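Asker: Listed here are the chains, written in short residue letters.
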Amino acid sequence: MSNATPKILENLLLAIAQKQDREAFVKLFEATSSRLKAFAMQCGATSNDAEELLQECMLTVWRKAHTFNPKTGTAITWLYTIIRNKRIDFARKGRYDTVLSDDLWNDEGGTELENDVSSDLDAKVARTLLESLPDEQRQVVYKVYFEGKSHSEIAADLDLPLGTIKSRLRLAMKKLDTLAKEQMTWLIIILTMNF
Amino acid sequence: MANYHPNNELLMSFAAGQLPNSLGIMVACHLEQCHSCRQQTHLYEQLGGELLGDLPEETVGTNVLSRILDRIDEPVSAPSLATLNQGDLAIPRPLRRFIPGSLDTLEWSGMTKSIREFDIEIEDPQFKAKLYKIGAGKELPEHTHEGNEFTYVIDGSFADKTCQYHEGDFILADTQTIHQPRATMDKDCICFAVMDAPLKMTGIFGRMLNPFMR
Ligand SMILES: [Zn+2]
Chain G
1 MSNATPKILE
11 NLLLAIAQKQ
21 DREAFVKLFE
31 ATSSRLKAFA
41 MQCGATSNDA
51 EELLQECMLT
61 VWRKAHTFNP
71 KTGTAITWLY
81 TIIRNKRIDF
91 ARKGRYDTVL
101 SDDLWNDEGG
111 TELENDVSSD
121 LDAKVARTLL
131 ESLPDEQRQV
141 VYKVYFEGKS
151 HSEIAADLDL
161 PLGTIKSRLR
171 LAMKKLDTLA
181 KEQMTWLIII
191 LTMNF
Chain E
1001 MANYHPNNEL
1011 LMSFAAGQLP
1021 NSLGIMVACH
1031 LEQCHSCRQQ
1041 THLYEQLGGE
1051 LLGDLPEETV
1061 GTNVLSRILD
1071 RIDEPVSAPS
1081 LATLNQGDLA
1091 IPRPLRRFIP
1101 GSLDTLEWSG
1111 MTKSIREFDI
1121 EIEDPQFKAK
1131 LYKIGAGKEL
1141 PEHTHEGNEF
1151 TYVIDGSFAD
1161 KTCQYHEGDF
1171 ILADTQTIHQ
1181 PRATMDKDCI
1191 CFAVMDAPLK
1201 MTGIFGRMLN
1211 PFMR
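Read top to bottom, the protein sequences are chains G and E. First residue of the first sequence? That's 1 in this note's numbering, and the numbers climb one at a time after it. First residue of the second sequence? That's 1001 in this note's numbering, and the numbers climb one at a time after it.
Among these hints, one or two may not hold up.
[As the list claims (entries may be wrong)] Dumping the calculated DSSO-like pairs for lysine-lysine here, alpha-carbon to alpha-carbon at most 30 Å:
1) E/Lys1128 <-> G/Lys166
2) G/Lys166 <-> G/Lys7
3) G/Lys181 <-> G/Lys166
4) G/Lys166 <-> E/Lys1138
5) G/Lys19 <-> G/Lys71
Simulated from the structure, these hints should not be mistaken for lab results. A quick note: this is a predicted structure, and the numbers were derived from the prediction, not measured.
Construct the entire structure; sequences and hints are all you get.
Answerer: Listed below in structure tokens is the structure:
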């Protein structure tokens, strides 16, 4: 991923979806596996569990590549949803009363979130989301995503008042909303220029 | 269209796949009804994608790829429980498989005649989940909440002193909220409610939510 651009990842995924292209699959593995494993470990997995999860994730990528729609988001966002869901389902097999990722998200739909701008461009605009957050806000967002901690647990972790955590998170969200709106404006401008 | 929505903190945690089970199901119910919350969640998924792309790389064992390639032609295993989709279509899809049979034939148990309840079995150490049925035009005694309570309106509508809630609405009440809900006259109101479990355990017990802490 370090050197694979969003467009390269997208093309690999599309080749897997359309032609069951194994070579593309191997390339995608090489470009993304070290970070997919890192994701699992950030969430608390041991190295072994993380590799097991990585395997499940890549098998799902192979089987579900056809559900990737470049018009609704980038390849990395799609990969994120796959590894996120695998993490939820990990170690829960066979229990009827527990919640599985399929309960929370279904594969269908999503076309309403489509836009017609090339996803390469879309990714360039989107890429700023994370970069725009100051470190202290990023740290709280990070804990929300990877550690699943409540605000008070995060406060205890960082030895900061609860109010500080809440306001950092709120500031981060506000920033994201502003950026998303700007992104929308840009997309509209680009669309109008195209037609 | 829903007028009351989960807040952004909840949507972000949902996109992160980190909400406790019952609450996750409730947010998923709302998302099926609400375009703007779906969009907002998608934004947080994009952020998740960026976080993933930004992680420091971990070395992957040399045999992992070959183990995957060995399994790539395996037939797909049985469909997940969640996609079997049995149950009453009047129940939102994410909740459906946790409710046996249909809403009409459920074995409601009574608190009073005007309000009936049904315990939902969702594995969740932090929250318990229930269905409530408030009889048409019936009013509940005024009460406050000991902890957080989240309510999702499945059918019908109810009102409290200040607001009226309809199908698809997602309502958060905390200890500050005084509640005196009354179902509207025309029909029974059925709600999905998730509340702090009476024994409130965080720490070690809360950690069990994390599937890696086995
Ligand atoms: Zn909403």
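Asker: So, for every hint listed, does it hold in this structure?
Answerer: Consistency of the hints with the structure:
1. E/Lys1128 <-> G/Lys166: holds (25 Å)
2. G/Lys166 <-> G/Lys7: Outside the cut-off at roughly 36 Å; violated.
3. G/Lys181 <-> G/Lys166: holds (23 Å)
4. G/Lys166 <-> E/Lys1138: violated (38 Å)
5. G/Lys19 <-> G/Lys71: holds (19 Å)
Violated hints, in rising order: 2, 4; the structure is consistent with all others.
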